[in-house]
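6 protein chains.
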Amino acid sequence: MALAKLVEYAEAGPEVRAVFDDIMATRKVDWINNIWKALAVHPPTLARVWSQVKEVMGPGGRLDPLTKELIYLAVSMTNNCEYCIHSHTAAARKKGMDDEILGELIGVVALANQTNRLAIGYQIDVDPQFKGPQ
Amino acid sequence: MALAKLVEYAEAGPEVRAVFDDIMATRKVDWINNIWKALAVHPPTLARVWSQVKEVMGPGGRLDPLTKELIYLAVSMTNNCEYCIHSHTAAARKKGMDDEILGELIGVVALANQTNRLAIGYQIDVDPQFKGPQ
Amino acid sequence: MALAKLVEYAEAGPEVRAVFDDIMATRKVDWINNIWKALAVHPPTLARVWSQVKEVMGPGGRLDPLTKELIYLAVSMTNNCEYCIHSHTAAARKKGMDDEILGELIGVVALANQTNRLAIGYQIDVDPQFKGPQ
Amino acid sequence: MALAKLVEYAEAGPEVRAVFDDIMATRKVDWINNIWKALAVHPPTLARVWSQVKEVMGPGGRLDPLTKELIYLAVSMTNNCEYCIHSHTAAARKKGMDDEILGELIGVVALANQTNRLAIGYQIDVDPQFKGPQ
Amino acid sequence: MALAKLVEYAEAGPEVRAVFDDIMATRKVDWINNIWKALAVHPPTLARVWSQVKEVMGPGGRLDPLTKELIYLAVSMTNNCEYCIHSHTAAARKKGMDDEILGELIGVVALANQTNRLAIGYQIDVDPQFKGPQ
Amino acid sequence: MALAKLVEYAEAGPEVRAVFDDIMATRKVDWINNIWKALAVHPPTLARVWSQVKEVMGPGGRLDPLTKELIYLAVSMTNNCEYCIHSHTAAARKKGMDDEILGELIGVVALANQTNRLAIGYQIDVDPQFKGPQ
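Chains as they are written, first to last, in the working numbering: chain F, 1 to 134; chain X, 1 to 134; chain L, 1 to 134; chain W, 1 to 134; chain S, 1 to 134; chain U, 1 to 134.
Be careful, since some hints might not be right.
It does not matter which identical chain is meant; a pair holds if it fits inside one copy or across any two.
Taking lysine-lysine and the DSS-like style, the derived pairs with C-alpha atoms no more than 25 Å apart in a straight line are [unchecked claim]:
id: 1; residue 1: Lys28; residue 2: Lys95
id: 2; residue 1: Lys28; residue 2: Lys54
id: 3; residue 1: Lys94; residue 2: Lys54
id: 4; residue 1: Lys131; residue 2: Lys28
id: 5; residue 1: Lys5; residue 2: Lys94
id: 6; residue 1: Lys28; residue 2: Lys94
id: 7; residue 1: Lys95; residue 2: Lys54
id: 8; residue 1: Lys95; residue 2: Lys131
It should be emphasised that the hints constitute simulated quantities derived from the structure, not laboratory data.
These figures come from a predicted structure and were not determined experimentally.
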């Protein structure tokens, strides 16, 4: 039950429609998923967030698109974001993730969450060998 | 300042030494980093955690070792684990991560943390198109 | 599906009824929302939590009631508390929040969640200029 | 480096001193630890928080004092609160925790953090058998 | 709505069935709850996680089984894991937790979450008296 | 100890200098704080993050600048971001926050963190009266 009424394409103003059109063209889909309809309640946020997603998750750069989706999913699982887990699982499957890769991903996410708390729980000091450049 | 006195190799019993030896052999290093010395305070935990790390992060499987390290780092950054961020940055650099990949990784982690809160903040319902198999 | 049976006014003892009455009088409403019915399972917790909410969120002090609700909402969104997001959105709307303010609030919350992870991800040292008084 | 100047006993007003005196009398110690000196910057918060800690963590009730400290520590480790981990480890040691119990505690905390993300990662539905009373 | 199709006993291979059988025998129940059916999608993860849960949460050690469940619940509540809260509440009730103990547990969890943010919010330095052994 | 070498103005390329110049002009300061020097390791991230911060935290809109800073601080305290807590406390003090407002802010943040866990801990259903527009 969203906090604000979702904005459908038919009722959107030109500023919102331009973003919706770009989302559909970029992703080669013919529908808009709910998060963009919610962000459209506040058009500057819609434009700002979409431009970021397009830049960060798009092609180019050193990390391939599937790896980026897996990293995104790992964060979303750690943050317990139901919407994001479902939407980025769908996106990752389109880019090649299958059940076995999903199983390995969740295995790493779960292990990291465990060892994070071991290191925090014991308040372990960083070894000098691991220190960065400054 | 760790909560318990770290266990050094010289003072460790045979159960702990066996794990320390396996860590050094598996990783081809000649020293033990602090988290293992802390876990050695409770030997069953040391053995259990190491066997998992060896299985989950080791070779084999569909995800390559660098990708696993990047996922691990993404979780550790989201959980704010200083020790883990430093130790796994070092591990990822050994497996090929450079400043540019690190920059892209942090970009995805930061974006996901932002959009996670947008989806949660608006309490957006999952689109039926994203629903899983059951 | 709550973990314990909610306590309704009709079945409550005098200790719980006194708190319920004070909640309704303070808020000028004629019903009790679910969190208080759940806390009533353990009456000392009900009384302790209500007295805090009344003191912290009530009038007086330097922050106005709407600002306090927005801060409350920002925390609840960051913590992913579905119940709290819905109940405090309702409270904030009663105090003047509309969709535009909600959009700006979520924009700040999402940005902060992003930059928090940038600062944590890079493990950035605090500039001496930002250090506090001690 | 605290955000505000800590309030020392010698410079405190009577409202703050009364709380400081009660903390020392209740805990049978002759010094005040930093969190109370920081909360004293805002005396109503000092009084409110201390009264809660005294009520929740004090004797009486069904959970014994050591169990309460272990639960407190488990939350503090999960939330990565350095101050709280150190202060409640000290408190738990005074109530009987030794390195072995600490090791078991951290083992459970770490396991729970792992399985929490497995359940969240796969978005597993709650079995009907586990549903509560309402 | 789980991300992957749950594996039922009837369709499971021998590796998965062996774990399912051990879960039912260890717990003296005749059914398998959903988390194990989901982990069975990736059999090595199923075996690894079950062996840990069996070792960490089983009898033996210094902490009694109910205390371990309460610690587990405290972490799950802090992490907002709906599945885990329900499944471990059921487990804790089988080991003796009633509504009053649950109320005290939630009281400690909530207090710790509050004071954690007070200490973090003010960025309070750890008192030298609380420092650990190294 | 940052993960990458901070980029100083003197060694920065024109793309980075342009952002640094805009930060100093916008904020009317003559120095660059560490987070921007770290983001400059990956210039597209520096430009993207700064443009967002400038848009979201700048003047205009319905929320005044101090309120935005308080919301930002509330999130940073909940996420335990040491760098962000210090930098945004400094920013908020420049915009009028004093110790008393800080005390009230932390009081609300701590209360919300407590009640969030009460609602999550008991798994309380949202009252129909609080449901949003869709």
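Evaluation of the provided hints:
1. Lys28 to Lys95: For Lys28 and Lys95, the Cα distance is within 25 Å only inside one copy (13 Å; across copies 35 Å).
2. Lys28 to Lys54: Close inside one copy (13 Å), not across copies (32 Å); limit 25 Å.
3. Lys94 to Lys54: Only inside one copy: Lys94 and Lys54 sit 17 Å apart there, 30 Å across copies, limit 25 Å.
4. Lys131 to Lys28: So Lys131 and Lys28 pass the 25 Å test across copies only (20 Å; inside, 44 Å).
5. Lys5 to Lys94: Between. Shortest inter-copy distance 17 Å satisfies the 25 Å Cα cut-off; intra-copy 29 Å does not.
6. Lys28 to Lys94: within (12 Å within a copy, 38 Å between copies)
7. Lys95 to Lys54: Answer is within: at 16 Å inside a copy they meet the 25 Å cutoff, but 28 Å across does not.
8. Lys95 to Lys131: Close across copies (17 Å), not inside one copy (36 Å); limit 25 Å.
Figure legend: structure checked against the earlier numbered hints; every hint is met.
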